[in-house]
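**Q** Here is what each chain is made of, one letter per residue.
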Amino acid sequence: MTMDRQDVSARIIALIEPFNKKEVAITDATRFTDDLEFDSLTVMDFVAAIEDEFDIIISMNQQAEIENFGQLVEAVMKLQG
Amino acid sequence: MTDMISENQTAEHTDLFSKFDPLIKMRTDLLSTGVTDPFGLVMERVISPTVAMCNGRETILLGTYNYMGMTFDPDVIAAGKQALDDFGSGTTGSRVLNGTYSPHKAVEQALCDFYDMKHAMVFSTGYQANLGIISTIAGKGDYIVLDIDSHASIWDGCKMGDAEVVPFKHNDIEAMEKRLRRIPEGAGKLVVLEGVYSMLGDIAPLKEMIAVAKKYGAMVLVDEAHSMGFIGPNGRGVAEEQGVLDDVDFVIGTFSKSVGTVGGFCVSNHPKFEVMRLVCRPYVFTASLPPSVVATACTSIRKLMDAGEKRAHLWENSKTLHKGLTDAGFQLGTTEPQSAIISVIMPDLERGAAMWEALLHEGLYVNLARPPATPANMTLLRCSLCAEHSAEQVQQIIGMFTRAGEAVNILG
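Listed in order, the protein sequences are those of chains A and B. Its first residue numbered 1, the first sequence is counted upward by one per residue in the working numbering. Its first residue numbered 1001, the second sequence is counted upward by one per residue in the working numbering.
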């Protein structure tokens, strides 16, 4: 069941797209708040989309540790086990 | 160490207040338009639960949460005065040391009787009740599943504890169920809901949500701060109204709304509930409420048990105001009146503040609510009705809103 990093990245990028109003190019270093300008409402909707896509929970405690795209991919892979 | 002191230098430092600069700017910009500070109102004299003197003007109060108008009830006031005479002005101590007087036990018994539950624990404020109960019962490895629009005291209770915090979209049963389903097997689960959400005045589908919570073995805490005394056949809240109070493990409430004083509480039938008095830090490490406060609360709660006529009149007020404001062309937080809160949605903060001020000049006080306290970054004029508002006052209020709305160009 474990997916490779590339696959997880691609699926997350697809989920970012509707929230990426300025069409910022996504790299591991892309930050959600500073670069993509996600506000708290967007974060909630985006996290819900990720959770549904991968059938996982990303608690607020875990979200606090995730600032950029690369960290999110790592967290999703870890949560998937 | 001594070298550093002898050099007597002032190191470069970051001003810890610089994080507040955006808020300071927002406030300065708002006040520079000449509008009265919406967060600096002073009531010079309070005449009744529905009228006060503000800036020398007689003002109808429509933003006080004083739903049942108990603040000037003669029996309530007499009980407070008697307790002042009998027990003094304060307890100067924690409930678990020298701060439990007989009126504290009496008000807890009144709560047990009011809710028909076995245990009641009184805190010094409603904020502390949520803070204390949530942070204490949900610990490391446990999961708290809560509505994203929860009150600050619920969020702070989550933050103070060590549990994993998992929010879901407001009132979304499916979103809640998905999160409960994904929680690892064996983990403790607490679902936190509110009966009435105070910003828009909408209620939760507790019947469905609590059924889902129980299906996944979660304990359920419901904050009924804005429904006590008013909603439900006995005024026990939205859970009672929807017939699911028996499935609620913990009800959180406050004395600072319908009860008409200050304080908070939790009622429960949990067989081990009394241990909370020893382990709940916001209960232990603070002074208990003054005896006059708990005596007024006790009298008020017992009177609220038999307040069917006042409840009926408050519903009439809520329906009349909702219809009047809708007909006048205002956009409201709910399409139907669901509680004693009617929330009027403003186009932005500037016009919201202008409207608030125009209403004050008309002689009407409402709450201006702005982000981040509001959902979806809305600016709201929040109206909370009182059972003591007369039908004439409600008509006056509708007229004031209409004139103010036209004056600041919110109504077309």
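Treat the hints as calculated values from the structure; they're not laboratory data. Source: prediction; values computed, not measured. Even for Gly, the Cβ is constructed at its ideal location relative to N, Cα and C. Check before you lean on any hint, since a few could be wrong.
[Said to hold, decoys possible] Taking lysine-lysine and the DSS-like style, the derived pairs with C-alpha atoms no more than 27 Å apart in a straight line are:
1. B:K1272 / B:K1140
2. B:K1118 / B:K1214
3. A:K78 / B:K1272
4. B:K1169 / A:K22
5. B:K1169 / B:K1105
6. B:K1105 / A:K78
7. B:K1303 / B:K1214
8. B:K1178 / B:K1214
9. B:K1169 / B:K1207
10. B:K1169 / A:K21
11. B:K1169 / A:K78
12. B:K1105 / B:K1081
13. B:K1140 / B:K1178
14. B:K1118 / B:K1178
15. B:K1118 / B:K1303
16. B:K1159 / B:K1303
17. B:K1207 / B:K1118
18. B:K1178 / A:K78
[What the hints assert, rightly or not] Just so you have them, the derived chain A footprint on chain B, three or more residues with Cβ under 8 Å:
19. 1096 to 1102
20. 1162 to 1168
[Stated by the list, open to error] Beyond 12 Å from chain B on every Cβ pair, some chain A residues (computed):
21. N20
22. E23
23. D39
24. N61
25. Q62
26. A64
27. I66
28. V73
29. L79
**Q** Look at each hint and say if it fits the structure.
**A** Checked hints:
1. A C-alpha spacing of about 20 Å is found between K1272 of chain B and K1140 of chain B, which places the hinted pair at or below 27 Å, so the restraint holds.
2. Taken as a hint, the K1118 of chain B and K1214 of chain B pair is honoured in the structure, with Cα atoms around 21 Å apart against an allowance of 27 Å.
3. The straight-line distance between the Cα atoms of K78 of chain A and K1272 of chain B is roughly 37 Å, outside the 27 Å bound, and the hint therefore fails.
4. This hinted pair checks out: K1169 of chain B and K22 of chain A have alpha carbons roughly 25 Å apart, not beyond 27 Å.
5. For the given pair, K1169 of chain B sits about 39 Å from K1105 of chain B by alpha-carbon distance, which is inconsistent with the 27 Å threshold.
6. For the hint linking K1105 of chain B to K78 of chain A, the alpha-carbon distance of about 51 Å lies beyond 27 Å, and the restraint is violated.
7. For the hint linking K1303 of chain B to K1214 of chain B, the alpha-carbon distance of about 33 Å lies beyond 27 Å, and the restraint is violated.
8. A distance of roughly 14 Å separates the Cα atoms of K1178 of chain B and K1214 of chain B; the hinted pair therefore holds under the 27 Å criterion.
9. This hinted pair checks out: K1169 of chain B and K1207 of chain B have alpha carbons roughly 17 Å apart, not beyond 27 Å.
10. With a C-alpha separation of about 22 Å, the suggested pairing of K1169 of chain B with K21 of chain A holds against the 27 Å cut-off.
11. Pair hint K1169 of chain B plus K78 of chain A holds up; C-alpha atoms about 25 Å apart against a cutoff of 27 Å.
12. A threshold of 27 Å between alpha carbons decides the hint, and for K1105 of chain B with K1081 of chain B the separation of about 18 Å falls inside it, so the pair holds.
13. For the suggested pair K1140 of chain B and K1178 of chain B, the alpha carbons sit about 22 Å apart, so the restraint of at most 27 Å is met.
14. Between K1118 of chain B and K1178 of chain B the CA atoms are separated by roughly 33 Å; this puts the pair beyond 27 Å, and the hint is violated.
15. A hinted pair counts as satisfied when its Cα atoms are at most 27 Å apart, and K1118 of chain B with K1303 of chain B qualifies at roughly 20 Å.
16. At roughly 36 Å between alpha-carbon atoms, K1159 of chain B and K1303 of chain B are farther apart than 27 Å, so this suggested pair is violated.
17. Under the criterion of a C-alpha separation no larger than 27 Å, the hint pairing K1207 of chain B with K1118 of chain B is consistent with the structure, at around 22 Å.
18. Taken as a hint, the K1178 of chain B and K78 of chain A pair is honoured in the structure, with Cα atoms around 19 Å apart against an allowance of 27 Å.
19. For the region 1096 to 1102 of chain B, the stated coverage by chain A is violated: 0 residues have a C-beta nearer than 8 Å to a C-beta of that chain, whereas at least 3 were required.
20. Residues of the region 1162 to 1168 of chain B with a Cβ under 8 Å from some Cβ of chain A number 5, which satisfies the need for three, so the listed coverage holds.
21. The beta carbon of N20 of chain A sits about 20 Å from the closest Cβ of chain B, which is more than 12 Å, so the claim that it is off the interface holds.
22. With 12 Å as the threshold on Cβ separation, the claim that E23 of chain A sits away from chain B holds: the shortest Cβ distance comes to roughly 23 Å.
23. Residue placement check: D39 of chain A does not keep its beta carbon more than 12 Å from all beta carbons of chain B (closest about 8 Å).
24. Not every C-beta of chain B lies more than 12 Å from that of N61 of chain A, the closest at about 6 Å, which undercuts listing it as non-interface.
25. Not every C-beta of chain B lies more than 12 Å from that of Q62 of chain A, the closest at about 8 Å, which undercuts listing it as non-interface.
26. Listed as a non-interface residue, A64 of chain A fails to keep its Cβ farther than 12 Å from every Cβ of chain B; the least gap is roughly 10 Å.
27. The beta carbon of I66 of chain A sits about 14 Å from the closest Cβ of chain B, which is more than 12 Å, so the claim that it is off the interface holds.
28. No beta-carbon of chain B comes within 12 Å of the beta-carbon of V73 of chain A; the shortest separation is about 19 Å.
29. A beta-carbon of chain B comes within 12 Å of the beta-carbon of L79 of chain A; the shortest separation is about 10 Å.
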